Amino acid sequence: MTNSKNNKKISQGIDWVIVWTYAVLVAIGILCIFMVEFKPGINIFQSFIAGKTNYSKQLIFTSICVVVAMFILLADSKLFTAFANMMYAFGMLLMLATFVIGKNINGSKSWIPLGGGFNLQPAEICKIFTSLALAKFLSRQETDFSKLRSQIIGGCIALSPAILSVLQNETGLALVYFSFFIVMYREGLPPALLIIGFSFAALVIATLIVDPNILALALTVIAGATIYFTKRARKRNRNLLVTIIAIWAICVSVQRFAVPYIFNNVFQCYQSTRIFSMVGKDYDCSQNKSALRRVADKEKAAKKPDDYNVRQSKIAIGSGGLIGKGFLKGTQTRGKYVPEQHTDFIFTSIGEAFGLVGSALFLGVYFFLLLRIINLAEKQRSTFSRVYAYCVASILFFHIVVNVCMTIGLFPIIGITLPLISYGGSSLLSFTILLFILVRLDADRQMVLR
Amino acid sequence: MSVFNQSRSGIIQIAFGFVFLVIIGQLVNLQVFSAKYKLAAENNAIYRKIIYPDRGIIYDRNNKSILENTIMYDLVVTPVEAKGVDTLTLCKLLNIDSIEYKRRIKEIGFRNGIVRPSVFEPLLSPEMYAGLNENMFKFPGFILSERSARSYPFSTAANVLGYIAEVDTSFLRKHKDEGYENGDYAGMTGLERYYEKVLMGKRGVKRFIRDNKSRIQGPFENGRYDTVAVAGKNLHLSLDVNLQKLGEKLMTNKVGSIVAIDPKTGGILCMVSAPTYDPNYLTGNQRRRHYGELALDPRLPLINRTVSSKYSPGSTFKTIVGVVGLTEGVITANTRIGCSGAFYGCGNGKPKCLDPGYFNFKEGIAHSCNTFFATVFKRTLDQQKFGNADSALIKFNEYAYSFGLGKRLGVDVPSEKNGNLPISSYYRKIFGRNWNSCNIISNSIGQGEVQTTIVQLANVMATIANKGYYYTPHLVDSIEGGDVYGLLDTFKIKHTTKDIPDSIFEEVQNGMQAVMEFGTGAEAKVPGIVVCGKTGTVQNSAKVDGVMTKQKDHAFFGAFAPRNNPKIAIAIICENAGFGSQSSAPIASLMIEQYIKDSIEGPVRNAKVEELAKKNLIPPMMRIAMARMDSIKQAKLNLFIQQQKEKEEEDTTEEEISIDTTDRITEKPMISKPKEGNNKKKSFTFNSAAILADDKQYYFTKKVAKA
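Chains as they are written, first to last, in this note's numbering: chain A, 1141 to 1590; chain B, 370 to 1076.
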């Protein structure tokens, strides 16, 4: 094959819409970081080249990502299918390795030092491997996802990295793995599971908001009413009464014991405080076991974190108004009022500078990308590609929603980046890989085999 | 296979869409409907710096500035930059110790943050400033920042000019919509307060963007919303600063006041309230301590006695009684009334009369005959046409009101009292319905319930001098750049007395001239000037240890001069000074001479000035109170000295503290002396300073010398 033929082949079948959307988002990201770091009176061109500022570093990361993306597009799509399980195993190994050679950054021991100041967070990369592994598992001929056994295995594949991540003290990233349930739902997970999940979440939130005794009373009343109204049904089905009482017992025990236990004993003090502050309540750290342990160890007692981040983030976004203050004119951004604004809180710079209109347009771009990916997924002939595409969509969706909700006060603050926008090499790289594997797979969707 | 479960794709898409809509909903809520975030952002990031305008300058009638602005310096520190400071030198210069230094730095860091500049020592004295300025290179992180302060070049008229001070919460509540903020200064007394609106000018606002540590990042929107400060307007007074200074000198060691008015315009020529203080005492960094001293002084130097103290006017009130009697026709200028030593018209022989004789009107005034005016007063009130004493008193009061008595004149200094002209309902309560003129006979000689302020008395003199009209006494003649708020309008209204013919004023003036020539006021004569005057001696009593005790009489004197072309009308009171003729009258004489001739002529007269200035007429009651305060001070001092001696035996280098004490006890002159006031004796000195100085000053001077 000649070179020209080869080129033609590479670009053939590539979904340019996704690639362009990707490019647009990365460009927006660099501009956002520029907005955050901008100081008047500097030579903009020079500082972009110099590599000392974050936006210039992000530009370098972007060029690395372009190279990686080229490699992925050049690779054979069969490679991903073939090595999926191996890569998953490798990822898990890396995750385990952090316990041995891990480096503690910001209180979470989830980083592997690569030398030269670079650190790798396996949990970030592992999202890709897990997606591939899940796709591989679900696309197996012998897998029948309507069977409970397969569902449990699928769940295990998705949640094992999450468990390791929690053990590494990196709860935020662990939550991302729950987004695989969307994929599994698409592939036939019974909706009841999701409904139970949501009900459970509602119960937990209610526990936080409502006084425990009143909630217990309310649950009892609901159970009593159900028993009363299902008189006839109970006659036919004796087990129903037992079921109702069992559910009631579970609910009450969760509300009375499980939730307080988790908040006091499992979570760190700051995590509990953040979750409580989201529902507008104060958390008493003196009940927190880890905080107490720290005091007992005569360490510096955990400084009570307040809702400063969320408050400043809301102020920045809220002050943007309908059309915003304009590019580089955000006073909150200029004054560096929002902490971590170039990474987790990058959305605030858009909210302040471009207001509601800009934010909605920006979210529109994301939404368009998500719909486009789902659209592509449904076009796939192979289950592998489809599942993988759904994985990508779910991870992106989860990241976007949690990150944006975090900045506007709808979700507790956990360290989750805004895909392709937030400053940070590993985040950008992992999303690039995630997306371009999809683009590669999609380009080869005509290949029936697999 | 791929068709399987495909419907769920739609559900997922709808779910995605729903979540995005929730986000957009919250964004709408935050960005469109919640105004509080915009406000919070502004509070966060925009720093409004208030640019204070210069306050207006106050000039006297000869265009000498008597209240102006001066630059003072604050020592400002940015704690984070204050590394490697030569603390020892700094503490020495500021008279503090290193513990105090550390405490202040800590407190500043706690209160205002360590990256922002904060005031370390406000309003440095010139000596401190000089010392610091030379050594600033030793104190990184410290700078000297300018600020405008008030200064009184003549160190005079403290109570008239007033002072400015930081506003407190109650002030802010009262002046809610006038744009004051915490930390602002506003006029608290005197003209500073009355003309606050005019003097303060208009503040300017500069907006800056600041970052999360409150560091200024640059102007907001390139200063598009900034406003410029407009300086306060200057005031021109009718006050004559030389006259004021002479008045204050003459009133040294006396309690009382002097008001002189230009009868033609109502402009106040001098307004002395004694004891007074050096107004520069209440500027500078020792303001708080000085204020405490003044506030605790038993002689109440912070009160403006010219408008805030009410006195029975005594015999000076006889001029009014005489005018009313002549106008009502109950006597004529030639009516003679005999006095045998007391007034028997009411059967009880009161009031007594000191100077028996057989007087016509002129002689009655000249000798200040009580019987004469009691008779006139009784005749006036007992006239058949009134029917009863009620309506008679109403008529009498109408005359008195038209002289500006009994109600506030509207002088342009705050806290003016209205005086008192009792009305019939008041007497009905005391004496029942059928009260009569005999019940209130002591009013005829200005004792009783009649009360006036000294400004009112001066105004009565001005009215008599003018033969029947006056302008409301006022200090401010004009405001530079126009009287926008109409503050001076009332001073242009001519008030006339109630239908009194000139001939009657002529008679009264004859009487008052006679006072000078052969009557009680001979001391008030001025060589070459025809002065008309009237003395007054007022009995009074005060509570001493809970018992009303009779005090020495107040000495009054009211006068105007020259008779034909009156240029000055003056009223003087020396509290508890005995006869009016011995203290008040000679002071009036000197004041009139100073104003009309522009100086005191001849060694005899000048010697008199010195003699009067030296005369100590502080009421014994106050002396006792002062001595009591001083003895407490003395006891504390003794204790301190003892401790100090003990300490010195152990350690001989404790100089900081001893300097501090010297300052406090020997009453070192003001920290911030103005250019002219340097060698001027303080307007009042503690009577007991001598006692203190006797045995201790030696000790302290010794110590200072050592230091």
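Rather than coming from a laboratory, the hints here were simulated on the basis of the structure. Small disclaimer: the values here were computed from a predicted structure and weren't measured. Some hints could be false.
Stretch-level coverage of chain A by chain B, calculated; a stretch enters the list once three of its residues show a Cβ under 8 Å from a Cβ in chain B [to be verified]:
| # | segment |
| --- | --- |
| 1 | 1381-1390 |
| 2 | 1475-1489 |
Some chain B residues flagged as far from chain A (calculated, every beta-carbon gap over 10 Å) [claimed, not checked]:
| # | residue |
| --- | --- |
| 3 | Phe385 |
| 4 | Leu513 |
| 5 | Lys545 |
| 6 | Arg579 |
| 7 | Arg593 |
| 8 | Leu663 |
| 9 | Ile848 |
| 10 | Asn879 |
| 11 | Thr918 |
| 12 | Asn985 |
| 13 | Ile1001 |
Computed far set for chain A versus chain B, every beta-carbon distance over 10 Å [to be verified]:
| # | residue |
| --- | --- |
| 14 | Arg1326 |
| 15 | Ile1455 |
| 16 | Leu1496 |
| 17 | Ala1517 |
| 18 | Val1544 |
Glycine included, C-beta positions come from ideal geometry on N, C-alpha and C.
Status of the hints after comparison with the structure:
Remark: the segment 1381-1390 of chain A is not confirmed as covered by chain B, as 0 of its residues place a Cβ nearer than 8 Å to a Cβ of that chain, below the required three. With a threshold of 8 Å between beta carbons, the proposed coverage of the segment 1475-1489 of chain A by chain B holds, since 3 of its residues qualify and at least three are required. Against the 10 Å criterion, Phe385 (chain B) falls within the reach of chain A, whose nearest CB is about 6 Å from its own CB. With a minimum CB-CB distance of about 29 Å to chain A, Leu513 (chain B) clears the 10 Å threshold, and the non-interface call stands.
Lys545 (chain B), annotated as away from the interface, keeps every beta carbon of chain A farther than 10 Å; the closest lies near 27 Å. For Arg579 (chain B), the shortest C-beta to C-beta distance to chain A comes to about 6 Å, within the 10 Å cut-off, and the non-interface label is violated. At roughly 12 Å from the closest C-beta of chain A, the C-beta of Arg593 (chain B) stays outside 10 Å, upholding its exclusion from the interface. At roughly 46 Å, the least C-beta separation between Leu663 (chain B) and chain A is larger than 10 Å, which holds for a residue marked as non-interface.
No beta-carbon of chain A is positioned within 10 Å of the beta-carbon of Ile848 (chain B); the least distance is around 41 Å. At the 10 Å boundary, the C-beta of Asn879 (chain B) stays outside the reach of chain A, the nearest C-beta of that chain being 80 Å off. Non-interface call for Thr918 (chain B) relative to chain A: holds, since the shortest CB-CB distance, roughly 66 Å, exceeds 10 Å. For Asn985 (chain B), the non-interface assignment is confirmed: its Cβ lies about 65 Å from the closest Cβ of chain A, beyond the 10 Å cut-off.
Every CB of chain A is more than 10 Å from the CB of Ile1001 (chain B) (nearest about 50 Å), matching its label as outside the interface. Distance to chain B contradicts Arg1326 (chain A) as a non-interface residue, since its nearest Cβ pair spans about 5 Å, not more than 10 Å. Its closest Cβ contact with chain B, about 5 Å, brings Ile1455 (chain A) to no more than 10 Å, contrary to its assignment away from the interface. Distance check for Leu1496 (chain A) against chain B: the nearest CB is about 4 Å away, which does not clear 10 Å, and the non-interface claim fails.
Taking the minimum C-beta to C-beta distance to chain B, about 8 Å, the non-interface status of Ala1517 (chain A) is violated against the 10 Å cut. The non-interface label for Val1544 (chain A) is inconsistent with chain B: the shortest C-beta to C-beta separation is roughly 5 Å, within 10 Å.
Of the numbered hints stated above, those contradicted by the structure are hints 1, 3, 6, 14, 15, 16, 17 and 18, listed in ascending order.
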